[in-house]
Amino acid sequence: MKLSGWGRYPQIEITPLKPAHTPAVQSMIAAQANSSLGLSGLVARGLGRSYGDSALANTLITTQYLDHFLAFDEETGILHCASGVSFAEILKVFVPKGWFLPVTPGTQFVTVGGAIASDVHGKNHHLDGSFSAHLINLKLMVASGEILECSATQHRELFLATCGGMGLTGIILEASFQMLAIESAYIQETTWKTHNLAETLVLFDEFQKTTYSVAWIDCLSTGKQLGRSLLMLGEHAKKEDLAEGLGEGLQTAKTGKLSIPIDMPNAVLNSHSVKAFNSLYYNKIRQKQTQRQVHYAPFFYPLDSLQNWNRLYGKNGFIQYQFVLPKSSGLEGLTKILSKIAESKRGSFLAVLKAFGKGNDNYLSFPVEGYTLALDFKIDSTLFAFLNELDSIVLDYSGRLYLTKDARMSEATFKQSYPLWEQFQKVRAQYGAEKRFNSLQSQRLGL
Amino acid sequence: MHKNILIIGATSAIAQATIRLYAEQNANLYLLGRNLEQLETIAADAKIRGANQAVFSALDVTEYETHESVLNEVFEKFITLDTILIAHGTLPDQAACEQSVAVTLQELNTNALSTISLLTLLANRLQTQQSGCIAVISSVAGDRGRQSNYVYGAAKGMVSIFLQGLRNRLMPYHVHVLDIKPGFVDTPMTAEFKKGPLWAQPEQIAKSIINAIEKRKNTLYTPVFWAGIMFIIRHVPEVIFKRLKL
Numbered sequence: 001m002k003l004s005g006w007g008r009y010p011q012i013e014i015t016p017l018k019p020a021h022t023p024a025v026q027s028m029i030a031a032q033a034n035s036s037l038g039l040s041g042l043v044a045r046g047l048g049r050s051y052g053d054s055a056l057a058n059t060l061i062t063t064q065y066l067d068h069f070l071a072f073d074e075e076t077g078i079l080h081c082a083s084g085v086s087f088a089e090i091l092k093v094f095v096p097k098g099w100f101l102p103v104t105p106g107t108q109f110v111t112v113g114g115a116i117a118s119d120v121h122g123k124n125h126h127l128d129g130s131f132s133a134h135l136i137n138l139k140l141m142v143a144s145g146e147i148l149e150c151s152a153t154q155h156r157e158l159f160l161a162t163c164g165g166m167g168l169t170g171i172i173l174e175a176s177f178q179m180l181a182i183e184s185a186y187i188q189e190t191t192w193k194t195h196n197l198a199e200t201l202v203l204f205d206e207f208q209k210t211t212y213s214v215a216w217i218d219c220l221s222t223g224k225q226l227g228r229s230l231l232m233l234g235e236h237a238k239k240e241d242l243a244e245g246l247g248e249g250l251q252t253a254k255t256g257k258l259s260i261p262i263d264m265p266n267a268v269l270n271s272h273s274v275k276a277f278n279s280l281y282y283n284k285i286r287q288k289q290t291q292r293q294v295h296y297a298p299f300f301y302p303l304d305s306l307q308n309w310n311r312l313y314g315k316n317g318f319i320q321y322q323f324v325l326p327k328s329s330g331l332e333g334l335t336k337i338l339s340k341i342a343e344s345k346r347g348s349f350l351a352v353l354k355a356f357g358k359g360n361d362n363y364l365s366f367p368v369e370g371y372t373l374a375l376d377f378k379i380d381s382t383l384f385a386f387l388n389e390l391d392s393i394v395l396d397y398s399g400r401l402y403l404t405k406d407a408r409m410s411e412a413t414f415k416q417s418y419p420l421w422e423q424f425q426k427v428r429a430q431y432g433a434e435k436r437f438n439s440l441q442s443q444r445l446g447l
Numbered sequence: 001m002h003k004n005i006l007i008i009g010a011t012s013a014i015a016q017a018t019i020r021l022y023a024e025q026n027a028n029l030y031l032l033g034r035n036l037e038q039l040e041t042i043a044a045d046a047k048i049r050g051a052n053q054a055v056f057s058a059l060d061v062t063e064y065e066t067h068e069s070v071l072n073e074v075f076e077k078f079i080t081l082d083t084i085l086i087a088h089g090t091l092p093d094q095a096a097c098e099q100s101v102a103v104t105l106q107e108l109n110t111n112a113l114s115t116i117s118l119l120t121l122l123a124n125r126l127q128t129q130q131s132g133c134i135a136v137i138s139s140v141a142g143d144r145g146r147q148s149n150y151v152y153g154a155a156k157g158m159v160s161i162f163l164q165g166l167r168n169r170l171m172p173y174h175v176h177v178l179d180i181k182p183g184f185v186d187t188p189m190t191a192e193f194k195k196g197p198l199w200a201q202p203e204q205i206a207k208s209i210i211n212a213i214e215k216r217k218n219t220l221y222t223p224v225f226w227a228g229i230m231f232i233i234r235h236v237p238e239v240i241f242k243r244l245k246l
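Line by line, the protein sequences are chains X and R.
Per our numbering, the first sequence runs over residues 1 to 447.
Per our numbering, the second sequence runs over residues 1 to 246.
Incorrect hints may appear among the rest.
So the derived label-pair ranges between C-beta atoms look like this [what the hints assert, rightly or not]: (1) GLU149/X with GLN204/R: 31 to 41 Å; (2) LEU36/R with LYS2/X: 36 to 46 Å; (3) ASP93/R with ASN388/X: 51 to 61 Å; (4) PRO10/X with VAL224/R: 56 to 66 Å; (5) GLN99/R with ALA385/X: 24 to 34 Å; (6) LEU198/R with PRO10/X: 23 to 33 Å; (7) MET189/R with GLN293/X: 38 to 48 Å; (8) PRO302/X with ARG243/R: 48 to 58 Å; (9) MET189/R with GLU149/X: 43 to 53 Å; (10) ASN35/R with THR290/X: 49 to 59 Å; (11) GLN130/R with ALA181/X: 20 to 30 Å.
Hints were generated in silico from the structure; no laboratory data involved.
The beta carbon of each residue, even a glycine, is placed where N, CA and C say it ideally should be.
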C-alpha cells in the first residue's frame with residue numbers, strides 16, 4: 001500500500017508489519033536483522049501524524065495492536081499504557097474520570113509512542129515543558145531484542161536519546177506518565193486581537209503565567225500590520241465557574257464527521273483564496289479582547305473535526321514548515337521570515353506562533369526558549385528552493401526546524417542546528433541502533 | 001446490573017474490540033484464551049476502561065478434555081451468564097491443507113470441533129439457566145465451498161449448521177443463538193492479505209455484534225453488505241459456480 005506522513009510527501013509503497021504483542025515485535029526485529037533488508041532500516045510507526053518521512057522506512061512496525069491501558073493509579077494520576085494507545089483514546093477514557101493529558105499537540109490522533117519519539121509540545125510549553133517532562137519511565141526494545149526500562153535516572157542516556165529521538169533508538173513499547181487533574185472538560189478562553197508582531201510577542205510575555213497560549217498569525221499581511229494575530233489564552237475551567245447547561249462538565253468530545261473526500265484541485269488554493277481566508281479569520285473577532293467557555297476539543301484540536309484536512313493541499317502534498325528562533329532574535333528573525341513569506345505570496349491557511357519556555361536535555365528535542373512558528377505550504381516545483389532560503393535565515397538566527405514536520409531539510413542544516421547529534425549517535429551506536437533503526441529521514445539527515 | 005460475559009478466544013482482534021465495548025458498559029468479563037500474558041494485558045485494559053470485573057484463565061480449545069473443568073470454573077465464578085462470545089479461530093493455509101491430511105484435520109479441529117465441544121457443554125448450562133445468548137463467530141466462507149479456502153469454509157459451515165440446530169433446540173428455553181458471519185476483517189490473522197474497500201475494522205464488527213445480541217438477531221452478516229454478496233454467491237448454479245475462480 002502507498003504510505004506517507006501527514007503531509008503526503010514523500011510516499012512509498014510498503015506493507016507495514018502489525019505485531020499483536022511484544023514477543024511478535026521481538027521476532028520481527030530479529031527477522032529484519034537476518035534479512036537482506038537488515039541494513040536499510042526499520043522504524044516504528046504510530047498513527048502516521050508526523051508530517052514528513054520520519055515514519056517511513058523499508059520495514060515499518062506499526063503499534064496499532066499494542067494499544068492497551070496497563071495500569072492507572074487513581075490517587076496519583078499516573079497512567080501506564082502501551083505505546084500504540086492514542087491521545088484520543090486516553091481523553092475518551094480519562095476526561096470523564098477528571099484527568100487530562102499533561103501536554104498535547106494540535107491533534108489528538110497521535111500515539112503515546114509517537115508523542116515520545118517527537119517529544120511533542122503543546123500550548124503550555126512555556127510552563128510545563130514538552131511531553132517527556134511528564135514521563136515517569138518508558139520501556140524500549142533495543143536492537144538485540146532486549147527490553148530496557150529508561151527514565152531520567154535509569155539508562156539515562158538512552159532515555160535522553162529516545163525522547164525526541166524520532167524512533168531511532170528502538171521500539172518504544174510502554175510508558176508511564178503523569179496525568180493532569182481537571183474539574184471540567186472546558187477551557188476558559190480569552191482571545192486578544194493584535195495589530196502587529198511586536199504587540200503579539202509583548203502579549204506572550206505579559207501572559208506567561210497563563211497555562212495555555214498560542215497565536216494565529218495572518219501571514220499575508222504586510223507593512224505595519226505584519227504579524228497581526230489572534231492570541232488565544234486558556235485555563236482549564238473550574239467546576240464552579242462552568243456556565244449553566246454544561247452538565248457535569250466532564251463530557252468527552254464527539255468526533256467530527258466532516259471529511260475532505262478528495263484531493264483539492266491545485267487551483268483552489270492560491271494567494272487570493274488564502275488572503276481572503278486569513279482576512280476573514282482575523283476579522284471574525286471584532287473586539288480587542290473576547291472571552292468564552294469552550295470544550296477542550298475545539299480549543300486544542302480545531303482541525304481534528306475536519307478529517308483528512310491534509311487533502312486541502314492537493315495531491316502533491318504539503319510541507320509544514322516549523323522552526324524555532326531563540327528569544328533574543330525572535331522579533332527580528334520572525335519579521336524577516338514573515339516579510340519573505342508575504343512577499344512570496346505563499347500564504348498558509350494557518351500560521352501558528354507559540355512562545356517556548358526552556359528546552360530540555362534530550363539530544364534531539366525541538367524546543368528551545370524562544371518563538372516557534374508553523375506554516376503550511378503546498379508543494380510545487382519552486383517550494384523547496386524557497387524553503388532553503390528560509391532555512392538559511394533560520395540558521396542565521398541560531399534557530400532550528402522541528403524534525404516531526406520535516407521532509408526536506410539538508411544534512412548540513414540539521415547538523416548545524418542540532419549540535420548534540422553526535423552524542424545522539426554515540427548512544428545509538430552503544431545500543432546497536434545505528435545500522436538497524438533508520439527512517440528515510442534519518443538517512444537523509446546522515447544519522 | 002452488571003452483565004456477565006464470557007469470551008472464548010479473547011485475544012482475537014474482534015473479541016478484543018467487543019471486550020472494550022462491554023467494558024464501557026461496566027460488565028463482568030471472563031476471558032479465556034491460550035496466551036496468559038496477553039490475557040492479563042487485555043483484562044487490565046478492560047478494567048481501566050470500566051469493566052466491573054475482568055478475570056481470565058488459560059484455555060487451549062484443542063484440548064477437549066479440559067473444556068468441562070474450565071467452564072465449571074467460569075460458572076462457579078459468575079453463576080449465570082448473560083452472553084457467551086466464541087471468537088477463537090485460525091486461518092488455514094489452503095495449499096498446505098491440500099498436501100496434508102494432518103494439517104486439514106488440525107484446522108477442522110481448531111475451527112469446528114473445538115467450538116462444537118464447547119457449545120455442547122454451554123448449551124446445556126444455558127438450557128438449565130433458561131436465559132442468555134450464545135454468539136459464535138463463524139464466517140461468510142461457511143456459506144459456500146470455494147477452491148481458495150474450502151477447509152476453512154467447511155469448518156465454519158459445520159459450526160453454522162450446528163448453531164441452526166442449537167437455536168431450534170434452545171428456542172423454548174429463551175436462549176438466543178447468534179451466528180456471526182464477518183467478511184474480510186483487518187486483523188493480525190489477515191495481516192498478509194492485500195486490503196481493499198471490502199475490508200472492515202474490528203471495532204466496526206464489534207459494534208454490530210453487540211447490536212445483534214441486543215436485537216436478538218439469528219444471523220449477522222457484518223458489515224451488512226455481505227448479506228447481499230453472499231445471497232448472490234449462494235444462488236449461483238453449481239454448473240456455473242464450479243467453473244469460477246473463487
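Verify the CB-CB distance for GLU149/X and GLN204/R against the hinted window 31 to 41 Å. For GLN204/R against GLU149/X, whose Cβ atoms are near 36 Å apart, the range 31 to 41 Å holds.
| Given a hinted range of 24 to 34 Å, is it respected by the beta-carbon distance of GLN99/R and ALA385/X? | violated, 60 Å
Discussion item. Please check whether MET189/R and GLU149/X have a Cβ separation lying inside 43 to 53 Å.
Written reply: violated, 31 Å
- Using the beta carbons of MET189/R and GLN293/X, state whether their distance is inside 38 to 48 Å or not. For GLN293/X against MET189/R, whose Cβ atoms are near 47 Å apart, the range 38 to 48 Å holds.
Just to be sure I understand the hint, the distance between the Cβ atoms of LEU198/R and PRO10/X should be within 23 to 33 Å; is that true here?
The hinted range 23 to 33 Å holds for LEU198/R and PRO10/X, with Cβ atoms some 29 Å apart.
Practice prompt. For the range 48 to 58 Å, tell me whether the beta carbons of PRO302/X and ARG243/R fit it or not.
Written response: holds, 56 Å
Between LEU36/R and LYS2/X, does the C-beta distance stay in 36 to 46 Å? Taking Cβ atoms as reference, LEU36/R and LYS2/X lie about 39 Å apart, which means the hint holds.
task: May I ask you to test the hint 49 to 59 Å on the CB atoms belonging to ASN35/R and THR290/X?
output: Once the Cβ atoms are compared, 55 Å apart, the range 49 to 59 Å for THR290/X and ASN35/R holds.
Handout entry: GLN130/R versus ALA181/X beta-carbon gap, inside 20 to 30 Å or not
Key = This hint is violated: roughly 47 Å between Cβ atoms.
The hint says 56 to 66 Å between PRO10/X and VAL224/R; measuring C-beta to C-beta, is that right?
violated, 38 Å
Exercise for review: Starting from the hint 51 to 61 Å, judge whether the C-beta atoms of ASP93/R and ASN388/X obey it.
Suggested key: holds, 52 Å
Figure legend: structure checked against the earlier numbered hints; hints not met, in rising order: 4, 5, 9, 11.
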